[in-house]
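Protein chains: 2
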Amino acid sequence: MTHSTSNRRQWLKQSSVLGLASATAASAIAESASTGLPPQVPSWTTSLGKPFLSPAYGVPSEHEKHVKRALLPNPGPYPTASRTPLQSLHGTVTPNGLVFERHHAGFPSIASQDHRLMLHGMVDRPLIFTMEDIVRFPSESKVYFLECSGNSALELKKPTGVTAQDTHGMLSCCEWTGVRLSTVLQEAGIQKQATWLLAEGADAAAMTRSIPMAKALDDAMLVYAQNGEMLRPEQGYPLRLFLPGFEGNMSVKWLRRLKLGDAPWQSREETSAYTDLMPDGSALQFTFHMDVKSVITSPSGGQTIQRPGFYEIQGLAWSGRGKIRRVEVSVDGGKNWQDTALQEPIQSKAVVRFRFPWQWQGQAALLQSRATDEYGHVQPSRSQIIADKGMNFYYHNNAIQTWQVSAQGEVRNVHA
Amino acid sequence: MTHSTSNRRQWLKQSSVLGLASATAASAIAESASTGLPPQVPSWTTSLGKPFLSPAYGVPSEHEKHVKRALLPNPGPYPTASRTPLQSLHGTVTPNGLVFERHHAGFPSIASQDHRLMLHGMVDRPLIFTMEDIVRFPSESKVYFLECSGNSALELKKPTGVTAQDTHGMLSCCEWTGVRLSTVLQEAGIQKQATWLLAEGADAAAMTRSIPMAKALDDAMLVYAQNGEMLRPEQGYPLRLFLPGFEGNMSVKWLRRLKLGDAPWQSREETSAYTDLMPDGSALQFTFHMDVKSVITSPSGGQTIQRPGFYEIQGLAWSGRGKIRRVEVSVDGGKNWQDTALQEPIQSKAVVRFRFPWQWQGQAALLQSRATDEYGHVQPSRSQIIADKGMNFYYHNNAIQTWQVSAQGEVRNVHA
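Note that the protein sequences, when read in sequence, are chains A and B.
According to the numbering used here, the stretch in the first sequence is residues 1 to 416, in order.
According to the numbering used here, the stretch in the second sequence is residues 417 to 832, in order.
The shape of chain A in the complex, shown without the other chains (with noise of 0.2 Å):
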């Protein structure tokens, strides 16, 4: 059965809530048959509004204000990242205005011409790029979500954030345009003992990450668009690395250097931080796909359901592996579970929403959904994690998430 089919059905067998509607509807169709005019004709039917161009580069309406990024509501001394407003997201695009950000020392102001790109190490030609020759390359449109390894990371020992944003906001996805990463590493010629690839960043922090070529040589891009623009300064501008699927610091932005070797280089950013660690004192290290992973975004955290009646329970699912089969949603804390209808086109490593059809009549519910990617990796519950990894990690949670509505329809975080 379709998603369409599914919710519809539901819905019409369900809706009463509009009952009200119809009354209000009737008496103002009666005062127009009289006037003559559709009825209470609003001020700006009746006023020149703005002009072409206001501005040449549009912004949001002056009403969705309350939608931005965000730090934590306590983030200290020093935030580590703004985030995502998932809560009052619709589809799977995020805008390029509302991408979440994380930098190590700020983002940098680079003009396009004065940029370079450095190939060197286990290759037969050390090269450097301009951005003219970067696009110059055959190139590619590909759409994929970016998720920081930190995403949910302070959820695991206690419910900390009040919303979506503060929870899961280190999340988004953009259509990405760029050159495969291997036809440029062709192009200097890859010297048989190359393994590994350094990947060095412009900022100030210089991020540096060591990279399996294996990777290199798959689906890993040099990126310099993001929805259809070139990409915003605080995500790389003019180019970056961006490896689908994997944590997000490792797309590495304002790409200036790669470099060949045969081992990974244990830079500052794979071995102080960006490591997990185990009961035993021991660290994974080089942890780098994102598991499977969804949440529920409505309702959520910090909103309140209005009204008894139908809802459509909506939220976000992904992989960092591949597609996305099949997202499972409970009202009751995990006893039950429910299939919910996945928004086609499913892309690999993109994100996809699901949305579950709901009738909420003023009872409390444990919402949580549950996620599975085509390889048959499922998201685990909060205890199967701690279980399988400790409590000592932080990077790499992706246990399932759980909304505690009340009888007054507030929606809570929790711990279930």
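Don't take each hint at face value.
[What the hints assert, rightly or not] List of simulated lysine-lysine pairs, BS3-like, C-alpha gap at most 25 Å: (1) A:LYS68 with B:LYS805; (2) A:LYS65 with B:LYS484; (3) B:LYS751 with A:LYS50; (4) A:LYS323 with B:LYS739; (5) A:LYS335 with A:LYS157; (6) A:LYS389 with A:LYS335; (7) A:LYS323 with A:LYS158; (8) B:LYS481 with A:LYS68; (9) B:LYS751 with A:LYS65; (10) B:LYS805 with B:LYS573; (11) B:LYS481 with A:LYS50; (12) A:LYS389 with A:LYS158; (13) A:LYS68 with A:LYS50; (14) B:LYS751 with B:LYS805; (15) A:LYS65 with B:LYS466; (16) A:LYS68 with B:LYS466.
[Said to hold, decoys possible] Facing chain B, according to a computed beta carbon distance under 10 Å, are these residues of chain A, among others: (17) PRO42; (18) PRO51; (19) GLU64; (20) LEU98; (21) MET122; (22) PRO279; (23) GLY281; (24) ALA283.
Just so you know, these hints were derived from the structure itself, not from any lab.
Built from N, CA and C at the ideal position, the CB exists for glycine as well.
Assemble the complex: chain A is given as a structure, and chain B must be docked to it using the hints.
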């Protein structure tokens, strides 16, 4: 053969322009070896960048200010539309700030809570909806192009625009989210004799069009979001009708009224405008579909190819009837045609980016693209469309566009 394989193979066979870069790299790397630093460390790597939330709703790079919506060079006292800078965009998404504008009396600023949609006429239960009502219906998200029926109209008689923005810029493509119109109509109860639907906008023009019920019950939507966020004010915030593949003006913005009836209303915008004058003095009315069309965006009018070598000819193709099946490119003004690679996923009534590998060695050229949709409709040449419809029509010019490349690499808009 896939897109990437094909273009990359050609690239690897032909690439040579980067030989220069190699020498630069060698000296830079020698310098680097002696200092122990990466070569030519720029100032932005040695000083702290801008902080988070700068601003909280992000904006493009200060180095991309030339990428903006624009009026035609000499718009006169009554400009009719601002246009999307197609020649500066990548992929298929049009970012919201650059979606073309067409409005008939300016655009209003309406608060979401003040907006109402009235549904009446041949229905069992007349209804008035708040935005809260609309958003609670089962929703869907779809990628569709939007094109003004007057796009390229001025190109029929003589080559008028300088850039692709001038000639084809009343075209954009977004992910739209809303409610299937049929769901809302069924809520009111559609009476048997209803065959037409009137849609009226809340702008000062009260933009009004008649729509066949067959379309209203097919893929028509009531849309409240575009590219993830709520509609922009100039795109109909908080609610617009969306008729996939139909001429843009019918997707009525600031939608305030829907009325069901048994005949079209013959409104101003379907009698005095938006009809197509034929050679015999009669006029075609209700020419809803936007026909199959394409345009090369790179290289395109106003650009200059800087030096000989490999270039990827790129552009966009779309059809109001369904999916694009094929796009061909000619570099000799239509004498010979070659197939291009189409970026997946190809979605119905959405733009598709096509790419074609090209060696430019300083030869004069006439670049053209020709699209074919899944039903076999082929984009006509200008002479074919004139033979078919004469020279007096204004809307629905989907003729093949020609860009002339001079031996100096200058690209101009011409008729071939």
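Each hint tested on the structure:
| no. | hint | result |
| --- | --- | --- |
| 1 | A:LYS68 with B:LYS805 | violated, 49 Å |
| 2 | A:LYS65 with B:LYS484 | holds, 22 Å |
| 3 | B:LYS751 with A:LYS50 | violated, 47 Å |
| 4 | A:LYS323 with B:LYS739 | holds, 23 Å |
| 5 | A:LYS335 with A:LYS157 | holds, 22 Å |
| 6 | A:LYS389 with A:LYS335 | holds, 24 Å |
| 7 | A:LYS323 with A:LYS158 | violated, 30 Å |
| 8 | B:LYS481 with A:LYS68 | holds, 22 Å |
| 9 | B:LYS751 with A:LYS65 | violated, 54 Å |
| 10 | B:LYS805 with B:LYS573 | holds, 13 Å |
| 11 | B:LYS481 with A:LYS50 | holds, 22 Å |
| 12 | A:LYS389 with A:LYS158 | holds, 16 Å |
| 13 | A:LYS68 with A:LYS50 | holds, 24 Å |
| 14 | B:LYS751 with B:LYS805 | holds, 24 Å |
| 15 | A:LYS65 with B:LYS466 | holds, 22 Å |
| 16 | A:LYS68 with B:LYS466 | holds, 18 Å |
| 17 | PRO42 | holds, 6 Å |
| 18 | PRO51 | holds, 6 Å |
| 19 | GLU64 | holds, 5 Å |
| 20 | LEU98 | holds, 7 Å |
| 21 | MET122 | violated, 13 Å |
| 22 | PRO279 | violated, 33 Å |
| 23 | GLY281 | violated, 33 Å |
| 24 | ALA283 | violated, 28 Å |
When held up to the earlier numbered hints, the structure conflicts with 1, 3, 7, 9, 21, 22, 23, 24 and fits the remainder.
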